[in-house]
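Use these hints to put chain B onto chain A, whose structure you have.
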Amino acid sequence: GEDVEQSLFLSVREGDSSVINCTYTDSSSTYLYWYKQEPGAGLQLLTYIFSNMDMKQDQRLTVLLNKKDKHLSLRIADTQTGDSAIYFCAESPLYSGGGADGLTFGKGTHLIIQP
Amino acid sequence: DSGVTQTPKHLITATGQRVTLRCSPRSGDLSVYWYQQSLDQGLQFLIQYYNGEERAKGNILERFSAQQFPDLHSELNLSSLELGDSALYFCASSAEPETLAGVTGELFFGEGSRLTVL
Chain A
1 GEDVEQSLFL SVREGDSSVI NCTYTDSSST YLYWYKQEPG AGLQLLTYIF SNMDMKQDQR
61 LTVLLNKKDK HLSLRIADTQ TGDSAIYFCA ESPLYSGGGA DGLTFGKGTH LIIQP
Chain B
1001 DSGVTQTPKH LITATGQRVT LRCSPRSGDL SVYWYQQSLD QGLQFLIQYY NGEERAKGNI
1061 LERFSAQQFP DLHSELNLSS LELGDSALYF CASSAEPETL AGVTGELFFG EGSRLTVL
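Just so you know, the sequences run in chain order A and B. Everything in the first sequence is counted per the working numbering, starting at 1 for the first residue and increasing by one. Everything in the second sequence is counted per the working numbering, starting at 1001 for the first residue and increasing by one.
Next up, chain A with everything else stripped away, as it sits in the complex:
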């Protein structure tokens, strides 16, 4: 079955780069996503990458995809206190139906910012 694994915690100093890693098992994954959950809030899509891409950059965010190793990472440059949240990796397999049903999430990585 599909499985998405992430480390539970990551602690970084303010101003440093944060790198959150994720591995997935479904080789038919078409889209891979990073969602952010701030305290007391629902998840919010940060960025996504198609499985035929290696890298995607969006301001302070860089997503790297190693399809051979089924490894996805999210790099946050110049980490700020406002980046403190839980970051979820998710994947969507290719299937014949429509919609985003069956999106599989990892358990989330708690990003802790040290002053």
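It is possible that some hints are incorrect.
[To be verified] One-sided and incomplete, this derived list gives chain A residues near chain B with beta-carbon spacing under 8 Å:
no., residue
1, Ser11
2, Pro39
3, Gly40
4, Ala41
5, Leu43
6, Leu46
7, Phe88
8, Leu103
9, Phe105
10, Gly106
11, Lys107
[What the hints assert, rightly or not] Derived lysine-lysine pairs resembling DSS-like cross-links, with alpha carbons at most 30 Å apart:
no., chain 1, residue 1, chain 2, residue 2
12, A, Lys56, A, Lys36
13, A, Lys107, A, Lys36
14, A, Lys36, B, Lys1057
15, A, Lys67, A, Lys36
16, A, Lys107, A, Lys67
17, B, Lys1009, A, Lys36
18, A, Lys56, A, Lys68
19, A, Lys36, A, Lys68
20, A, Lys70, B, Lys1057
21, A, Lys67, B, Lys1057
22, B, Lys1009, A, Lys107
23, B, Lys1009, B, Lys1057
24, A, Lys107, B, Lys1057
25, A, Lys36, A, Lys70
26, A, Lys56, A, Lys67
27, A, Lys107, A, Lys56
28, A, Lys70, A, Lys56
29, A, Lys68, A, Lys107
These are computed hints drawn from the structure, not numbers from a lab. Please read all numbers here as calculations on a predicted model, not as lab measurements. Glycine residues also receive a C-beta, built at the ideal position from the N, C-alpha and C atoms.
Same frame as chain A, now just chain B:
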């Protein structure tokens, strides 16, 4: 504000009881998803509805059921509650057209309903 509204925000009840969680999707979104978030299981997909019809089922227990009404709001019914059902229940909606396989996969999440079973 995601535009997805969930009520109630908090709910405390006893084992064996039944509760109903309500979700109003973003205006115009036809798809509604229910997820359960707990510390040990993470975020688990329960069920999806599209325009009133059930589209996909995940790890939803038989004691749980859901429906989507003609006005597109959805309800998740949890019955014969057990201690282990205590969790945060999220509703999400998406604008995905039925025939398009998750172009962006962007789900818009509500703030969740926190259920505590005592």
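Cross-check of the supplied hints:
| no. | hint | in the structure |
| --- | --- | --- |
| 1 | Ser11 | violated (19 Å) |
| 2 | Pro39 | violated (11 Å) |
| 3 | Gly40 | holds (7 Å) |
| 4 | Ala41 | holds (6 Å) |
| 5 | Leu43 | holds (5 Å) |
| 6 | Leu46 | violated (10 Å) |
| 7 | Phe88 | holds (7 Å) |
| 8 | Leu103 | holds (6 Å) |
| 9 | Phe105 | holds (4 Å) |
| 10 | Gly106 | holds (7 Å) |
| 11 | Lys107 | holds (3 Å) |
| 12 | Lys56/A with Lys36/A | holds (17 Å) |
| 13 | Lys107/A with Lys36/A | holds (12 Å) |
| 14 | Lys36/A with Lys1057/B | holds (24 Å) |
| 15 | Lys67/A with Lys36/A | holds (22 Å) |
| 16 | Lys107/A with Lys67/A | holds (21 Å) |
| 17 | Lys1009/B with Lys36/A | holds (20 Å) |
| 18 | Lys56/A with Lys68/A | holds (17 Å) |
| 19 | Lys36/A with Lys68/A | holds (25 Å) |
| 20 | Lys70/A with Lys1057/B | holds (25 Å) |
| 21 | Lys67/A with Lys1057/B | holds (28 Å) |
| 22 | Lys1009/B with Lys107/A | holds (22 Å) |
| 23 | Lys1009/B with Lys1057/B | holds (24 Å) |
| 24 | Lys107/A with Lys1057/B | holds (19 Å) |
| 25 | Lys36/A with Lys70/A | holds (21 Å) |
| 26 | Lys56/A with Lys67/A | holds (14 Å) |
| 27 | Lys107/A with Lys56/A | holds (23 Å) |
| 28 | Lys70/A with Lys56/A | holds (16 Å) |
| 29 | Lys68/A with Lys107/A | holds (22 Å) |
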